Structure formats: C-alpha cells, structure tokens
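Enquirer: Take the given structure of chain A and dock chain B to it, following the hints.
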Amino acid sequence: MKIKGRITEVKGTVVKASGVSGIQMNEMVKVGEMGLIGEVVRVEGDSAYVQVYEFTTGLKPGEPVEGLGSPLSVTLAPGIVGNIYDGLQRPLSTLEGYTISRGYTAEAVDINKTWHFVPVVKPGIKVQGGEKIGYVEETELIRHYIMIPPNVSGTLAYVAPEGDYKVTDQIAEVQDSKKQSVSMLQRWAVRIPRPIKRRLVASEPLITGQRVIDTFFPLAKGGSAAVPGGFGTGKTVLLHQMASWANSRVVVYVGCGERGNEMVELLKTFPKLNDPISGKPIMQKSIMIANTSNMPVAAREASIYVGITLAEYYRDMGYDSLMLADSTSRWAEALREISGRLEEIPAEEGYPSYLASRIASFYERAGYVETLSGDFGSVSIIGAVSPPGGDFTEPVTTHTLRYVKAFWLLDPNLAYSRHYPAVNWVSSYSSYVESLSEWWSLNVSDEFETLRKKALDILFKEESLRNIVRLLGPEVLPEDEKLLLEAANMLKEGFLKQNAYHEVDRYTPPLVQYYLLKLIISFYEKAKEKLTEGATVEEIRSSPLYLEVIRARFNVKSKEDFDAIMKKVMEF
Amino acid sequence: MSGSITFSSVQSIRGSLMVIKTNGKLGYEELVEIELSNGEKRLGRSLQVSEDIAVVEVFEGTQGLSPRDVKVRFLGRPLELPVSNELLGRIFDGLGRPIDNMPEPVGSEELDINGKILNPYKREYPDEFIQTGVSVIDGMLSMVRGQKLPIFSGSGLPHDMLAAQIARQATIAKGEEFAVVFAAIGVPADTAIFFRRELEESGALKRSVLFLNLAEDPAVERIVTPRVALTAAEYLAFEEGYHVLAILTDMTNYGEALREISMMREEVPSRRGYPGYLYTDLATIFERSGRITGRKGSLTQLPILSMPADDITHPIPDLTAYITEGQIVLGKELYHKGIYPPVNVLMSLSRLMKDGVGEGKTRADHKELSDQLYNSYSKAMEIRSLAEIVGEEGIPESSKKYLQFADAFEKKFIKQDPYENRDIDTTLNIAWDVLSILPESEWTNISEKSKKVYMSVVQKRNL
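Protein chains in written order, with our numbering: chain A, 39 to 610; chain B, 1200 to 1662.
These are calculated hints, taken from the structure and not from any lab test. Since we're looking at a predicted model, the values are computed, not measured. Positions of the beta carbon are idealized from the N, C-alpha and C atoms, including for glycine. A hint or two may mislead.
Simulated pairs of lysine to aspartate or glutamate, DMTMM-like, Cα-Cα distance not exceeding 20 Å [stated by the list, open to error]: (1) A/K530 - B/E1581; (2) B/K1531 - B/E1581; (3) A/K49 - A/E104; (4) A/K49 - B/E1466; (5) B/K1566 - A/D543; (6) B/K1600 - A/E513; (7) A/K306 - B/D1554; (8) A/K204 - A/E242.
So these bits of chain B aren't anywhere near chain A, every CB distance computed over 12 Å [to be verified]: (9) N1237; (10) E1259; (11) D1268; (12) R1289; (13) I1298; (14) R1396; (15) P1417; (16) E1459; (17) E1466; (18) V1467; (19) E1592; (20) K1610.
Here chain A stands alone, though its shape is the one from the complex (with noise of 0.2 Å):
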C-alpha cells in the first residue's frame, strides 16, 4: 500500500510532509499536484522530510505526498551505452521542446526494441546472483550481458532460446522456493554498492594516452584520482581527454554541476572520434549524465550515484570501466545546500559533518575486482576538484585527498602560459607508479623505470635553479647548470606540454611515450659530452636537431619515425 501525506512547508527544494507514517529514509515520493520527483531524507514521528529533485516554485502546503515504496533505482538493460541521461537516469534525447518541463517521467532505455538474445547456459544447471545466463550485443563494442540478478539463486528452469526479444520480456526462470522470473531489466538502488565476490590489488595500468599523466602519475585500473583545479586551469579539457582515449571498455561521464555546452562538445565530438584499440567510434561506449549547473542540486547529488552504479553494473560483465565526475565540488555543493536547509549543524565551511565520509565511501566503490561470475573487472573513479579561489586547503580537496591515490594538480601558472595540461609535476603523485613499473618494463621497456626517473631528476633540479634564476638571472649558471635548464625546457616543451586538438598529440600510446623520452634524455646525454669537449649551451640550443627532438611529439608515430630521429642524436 502506498503512503499517502500532504505538504506542510515548502522551503527551497527541501519540503515537508505530514501523515506519512511509515515513509522510509531514501524512499522516492511524488510531491505535489506536478508530481515533481524527490527523496526522503528525514523522518520525524508521522513526518518526512523530502528533498525534491526539481524546482519547486508554486508548490503549496496542503498538496499531497505520496511515496513511491523503493529507492532511488536506476534501470539497467542493454540500450544503456550512447545515451545520454540527466542526474535522475531520465532521457534527455527523447524529450519534446527545447526545455526541461518539471514532473516529467521517461523510460530510461526503450522497451519496445527489440534485441537479439544469445543464451550462453542451459536450463536445469544450479545459478547465483551475478551469473552471466546470455547475451546481446549492444553496441560494436559492447557485447552486453545478461545476468541472473544479484539478489536470485536456483535452479534455472527455463532460460528463452537465441532470438529476438524486448528488455520486459521473459528471458530465464529460476526455481528456488518459489519461481522467479528475469528479463533483460533490472533495477539496483544507487545509493547501495553492487555486490562483489572479492577486492584484488591494481596492477595494470589506465592508459589515457597523456603523457603526464602515464608516464609520470599513472592510475591503475581500478584506482582513484583527483584533479584538483581552479578555473581556466583545464580540468574539463583533460577530463574530456580521459573519456575520449582511456582504454576502458565502457567510460561513463558525469557532468555534475557544469555547463550546459561541455554536455553539448562531448555530444558533437564523441561519435567523431574513435577508440585508439578498436577504431571505433567512442560513442559506442560512452554514457553521459548531464546535470549541468543550472538543474536543481538535489539531482546533482544524485547523479553521482546513477554515474558509479551504472559504471559497476559494465564492470559486473567483467569490463573495465571508468567514471569521469566534473565536478565533484558541485556534488558536496549540493550536499551542503541541502544540509543548510535541514537546519543541520554545519562542520567547516558551512559543509556537513557527514561530507568526509560521503567523499570517502564515493571513492570506495572504485576498484579492480572478481565479480560474482568470477571474471575480473573494474571501476575507475577519476573526479575534478573545483576549490574555491584556488584554495587547495579548502574542505574538498582536503579530505577527497585522503581517499584517492592519485593526484593530478593543476597549476593556475602554468595554465596561464598556456602549458596544457598544466598538471604540476612537483606537486602531483601517484601511488601506483611501484605497482605498475613491473608493465612498463614487461610491456614498453624495461629501460623505461631508469628514464622516468632520470626526467623528474632533470625537473626537479630545474626548479631549484629556477630560484636562482629568479634572483640572479640565468647568467651567473655555470654551462653544465644551463644545459640542464635546457634539457628540462625540452622535457617541458617536448613531453608534457600536450595539445589536445592535435591529430597526432593528443593521444600517445605507451611506446611512444618511451620513444620520446628516450630521445630526450639521450639528446641531453650526448650534449653533455658535446659540453666537455667545448661545445656550449647556445650552440647546442641552436643547432636544427634541439628543435626536431621537441617537435617529435607532433612526428613520431612509428619505431621508423622514432629511429630516424635516434640516429641523428646518437651522432650528434
């Protein structure tokens, strides 16, 4: 039986309700004679507390509540991958007009398509939750598994033969006290974690293709990351970067409180752009959920939640999976907003006491795991930071610092000398780069370790000369020290500035990233030969090949490419 209140006070999105006894937290209710969506995050005696997921202008006490009798849910079936979502896992490309009418409900996938169905068991076997019983194949890219839902186990009884079917339909029957039946379809509370049979440790690298970010602050499949950032200092470009070449299987991105035309680039350059392994049109796996800065904060809070569980529902069918969040401040935004009107005692900044730990079980449900069927997947959680002015000792940062392993920051100087992606390399870190050595070496090279480390040696230096420079002027350097200089405006230049709007800079896979550092530090090796011998730092600079290693970012595409280069410095 439904629960049925009315509205007693109005006050923002956050509404109370009375006569609703019974209510539970989390319940979704209809509010209103609009029907507007919300949540129910209070409950006191006979009354709830709701927040409402849309703007709640007109609404009057004395109009009726009435709860929906589960959670928070998100649909989940084949039709998924290429949609594009707001934070409630509504549709926005069916929608009538140019705007977004309240109370509106949709379909999160059609279900009067059909698919073609591929049983891969058959009937009278024992199954558990998570047991992958067939599948479809729902994009180019995705062959989209059917499986028992977490929650049912049994005899399979009845499991439909290969053909076509609609999401609704019955496609398997499991016996166990009673008969249960399981379509393409089901629904998982997004605020509950999907199950899993056993968390494993990281070791095979993300592959993003930013040099920066690979060479020198990897993440790990199933690892966490931060980017931190105040305006205009890149985060949605390297974002986007992330969606577009990352070698995940299936890339959700979660526009959180942003605006309206990132939404737009990435739906105008996704099916343009292809997947670097498969040559693909990224599209074909790529999910977005749009909740851009002008939507009602209480669904931005949500869409977090839809984001991850439908990144862990394409790891369940053991697939890599990354989620992108821009940006995760509006998120605790919303979360303080909401706390606000709550009348709760604010912690620092006016946020919730509650907001450490939101952050922290968020990034939780990141990892690389065996799932239920016993395969190997993961979730990857990569979440811009916006701390006001810049403040990196705002409450945010600071504790989404404590949960993630990697940190990618992002420095207003640089970004203002339009070094991109203006990730600080003194600053950053990743825990993963001892974990991941072991691939490059068996995968790339295993020279590679030694150059990386030779290269944050060189800019590590440069900065501490940097300070001398800044007083003395590079003059006074001895020629050794200038040379130096030299080599880290090469690694700068020629190796982590990277121009996403370049066809061939903007992705660089593993080898390459070796090649060109190879090049790099051997030019350097060589001119300091060049240097005992007489040579000094202006002749070097100027000679034809100091140019071509820089510009070989934008050249080097082969072990040809690379050679030919290599060969003129090894007899420079």
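Expert: Below, chain B without anything else, positioned relative to chain A:
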C-alpha cells in the same frame, strides 16, 4: 489582476523580509501585493511557506511598513514578464515595469522570470565567430554566438567603455546586428545614462531593451533584475529569432544583494558571508545563454563584474569564472601605461575560441598566431620581471628582443581607440607585425604554410 484575492495580516518585519499569516494559501515563490494604508502598493515574493505562515521578501523594501496597517493580497502566480517584440526600444525598471512614460507593452505571453532549464541535448554548440572590432578580443579571446564571457574589472577601469564598444561594433558574419538587452544592477545613474547614450548614438537603441535597477533602487529588487532581463533576452532570441547580446552590470551588486537576503534569513554562511548556494544561483543566470538546435536566434552574455579589492579569488568572480566560458580580465597596470582596453591577456581566456576561428571562419593562421602570441608574451613577461631585478645587462642578448616584442604587443596590438573598429584581417596583420620583432627560430607554434602565406603581408606593410 487575477489570482486568489486573499487578504492577510503581517506578523513581523525584519530587514526586507516579512512574516505573514497565510493559512496555507500561498505557494512557494509566489507573489504578494502589499497595500499600505495610503494606497501605495509594493510587490513581494515568498521564500518559505508553511501551513500557517510564510516568509516574504519585499522588493521595494519594507521602509514605512507597519504590521498593523498593511494588507497583503496573494496573486497566485510567480513573478512574470509579459513578452512580445514590442519590448524593443523600451526602458523598464528592475522588476520589468515601464519607466519611459509609455504604456505597458502588450505581451503575447507572460513568462516566469526564472525561465526554464534548457535541455543540454537540444543545445547547438556555439562556434560562430563574433567580430567585436577589438583586436585583443577578436585576436586572442574570440567570442562566439551563444557564449557567456564576462568582463572582470576593478573600480576606475574602463569596463563600461569596453562593453559599449562591443555592443556598438559587434557583428556576426554577413554583417548581422545584435539586439541588445541591457540590465543595470545597482549601478550609478550615470552608468545607465552612458549606455543609453552610446546605444542611441549608434542607432542601436531601437533594437535594445533596458532594465534599470540603479544604485538608489532597493537592493532586494536586484535579485530579480538579471532574471527579468534574461527572460526578455531568451524570448527575443529563441522565439523571435534575434541574435541577442545581453549586458549585465554589475553582477557583484547582485551577489551582495543575495548575501543580504541570506543573512536576514539566518542561513549558514559560506565563504565571506556569501550563501553556500551562490554558485548554483549564479549558474541559473549565466547558463541562460546559448543556441538551440533548429532555432534561428542566439543569446550571448557579456556580464560585467567588479572584483572587490581587485581580488580575482573573491567568491563572485571566482564562482562566475567556474560557470562562464572564459573571462576578460582588465588590469590597472596596463591602464596606468595609457593602454586601452587594458586587458590582462595572460589571465584572460575564451573557452569557446578554438571552434570559432580558423579557415572558413576567420583565417587559417588565426589559431597558431594566437597561440604563438600567448607563448611569446608569457615568456616576455618572465623576462621583463627578471630584467626589473637584475637589469637589462643581466639577461642574455637573445632575450632582449622579447622586451621589444612585449612593448609592441601592448602598444600596437592591444591598444586601440574606443571608437576604432578593426576587422579581423587588420587585427591578424598587426599580430604578424608584432611577432616579426622576434626571430623566426622563436616561432614554435607557426607552421611553414602560414609563414609562406602571411609573411608577405608583413613584408608588404613594412615597405
């Protein structure tokens, strides 16, 4: 006037807020009309409603109100603006009531001033170049139709002059003109007069709409002025097909009004006393811009805001820049050198430039030229600050060219007259002139092709 005619009594008054008895008859964010005993009427809007009482903000202020002798009537609707193309050429107050001694325009429909959320899926990506005739903007911070690009300024800087110049000169390809929606938010009367005169003299007034909330007008009204103006702008852009340029000045006054109301409501403050929802609130204003698939018009926003104490990390400029698609930052340093427009290029950014320039839009060399100028100027600034410490003797010979380059860049490229309208070709040719001060070996961003095609231009000009 329709709506339920319920009269109610006032319980208390605090600042510009009133608590009134409602018996549950007033909806959230609905309007009330407050009638004083002398017949004067004021407008208010509910901020919180419950079964018996409501908190109402009074737009014209609560001065002279006494709980005993006012009557409150519920209008049963949110704040709306009657819209039609008769809006053009008219002047309204901050709540959208005419103040030009002409009759109220006949609205073809009444629109809620909060607007509706644009479906991001139905947006068209903005990529059509707007020529403002200002070199530093067109060359390095190119604006596109549907962009929101604010001017961050400080007191005493010529932001109004620059905004007026853009409004006068801005054309889109094929010479199409903009309709201008101008919202004055708590600015001095002479600022409003200045804009009006500029629009009038350039003949743009007949395709402009002005909404004026001046410094002397009630602060609470400032909360709605930008929304009223954008309601008009959206209507003109998306229903009537105009290309609209909306100038909102000064958004800092808006933020302060928001803080005032928040304080009176005893909300938990966030940074510097501003409410925690400042970002979301600003976003509901700035996101009301763009283009829509299948619609002819566009809405471009040029908000102006002053940075208190020239501090770009102040919550208002900071949060604004997180929402808008870039920022044009004005700086005192250049202004004191006599350079107009004093745009601090390195701190400024146009996020949508990359898709609005280049072959077929402006010129094939535009992007690389702009990247090169950024690179070289930022390097020049480092050398300049070094030279200030160690003296010019302390810097290598090769660096001295950079100092010359920086001077020329500021004096020839950035500097121009407020009434000088440079087309994009002129702007880019000046850029080549300035760049050619540096030896070609320093042109790391310039392709051979561009060198060949465009260097001849420079040589010809130098003859």
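Enquirer: Run every hint past the structure and note whether it holds.
Expert: Hint check results:
With a CA separation close to 16 Å, the supplied pair A/K530 and B/E1581 stays within the 20 Å bound. The suggested pairing of B/K1531 with B/E1581 holds, with an alpha-carbon distance near 19 Å, which does not exceed 20 Å. Restraint check for A/K49 and A/E104: the C-alpha separation of about 19 Å stays at or below 20 Å, so the hint holds. In summary, the hint linking A/K49 to B/E1466 is supported, as the alpha carbons are separated by about 12 Å, within the 20 Å threshold.
Using a Cα cut-off of 20 Å, the hinted pair B/K1566 and A/D543 holds, with the two alpha carbons roughly 16 Å apart. Restraint check for B/K1600 and A/E513: the C-alpha separation of about 16 Å stays at or below 20 Å, so the hint holds. This hinted pair checks out: A/K306 and B/D1554 have alpha carbons roughly 12 Å apart, not beyond 20 Å. For the given pair, A/K204 sits about 37 Å from A/E242 by alpha-carbon distance, which is inconsistent with the 20 Å threshold.
Its beta-carbon lying about 31 Å from the closest one in chain A, B/N1237 satisfies the requirement of being farther than 12 Å from that chain. Non-interface call for B/E1259 relative to chain A: holds, since the shortest CB-CB distance, roughly 21 Å, exceeds 12 Å. No beta-carbon of chain A is positioned within 12 Å of the beta-carbon of B/D1268; the least distance is around 27 Å. Annotated as non-interface, B/R1289 keeps its C-beta farther than 12 Å from every C-beta of chain A; the closest such distance is 25 Å.
Against the 12 Å criterion, B/I1298 stays outside the reach of chain A, whose nearest CB is about 27 Å from its own CB. B/R1396, annotated as away from the interface, keeps every beta carbon of chain A farther than 12 Å; the closest lies near 34 Å. With a least beta-carbon separation of about 22 Å from chain A, B/P1417 lies farther than 12 Å from that chain, consistent with its non-interface assignment. At roughly 17 Å from the closest C-beta of chain A, the C-beta of B/E1459 stays outside 12 Å, upholding its exclusion from the interface.
Non-interface call for B/E1466 relative to chain A: violated, since the shortest CB-CB distance, roughly 6 Å, does not exceed 12 Å. Residue-level check failed: B/V1467 sits 5 Å from the nearest beta carbon of chain A, not beyond 12 Å. Here B/E1592 does not stay apart from chain A, with its beta-carbon only about 9 Å from theirs, under the 12 Å limit. For B/K1610, the condition that its CB be more than 12 Å from all CB atoms of chain A holds, with the nearest at approximately 22 Å.
In summary, the numbered hints that this structure violates are 8, 17, 18 and 19.
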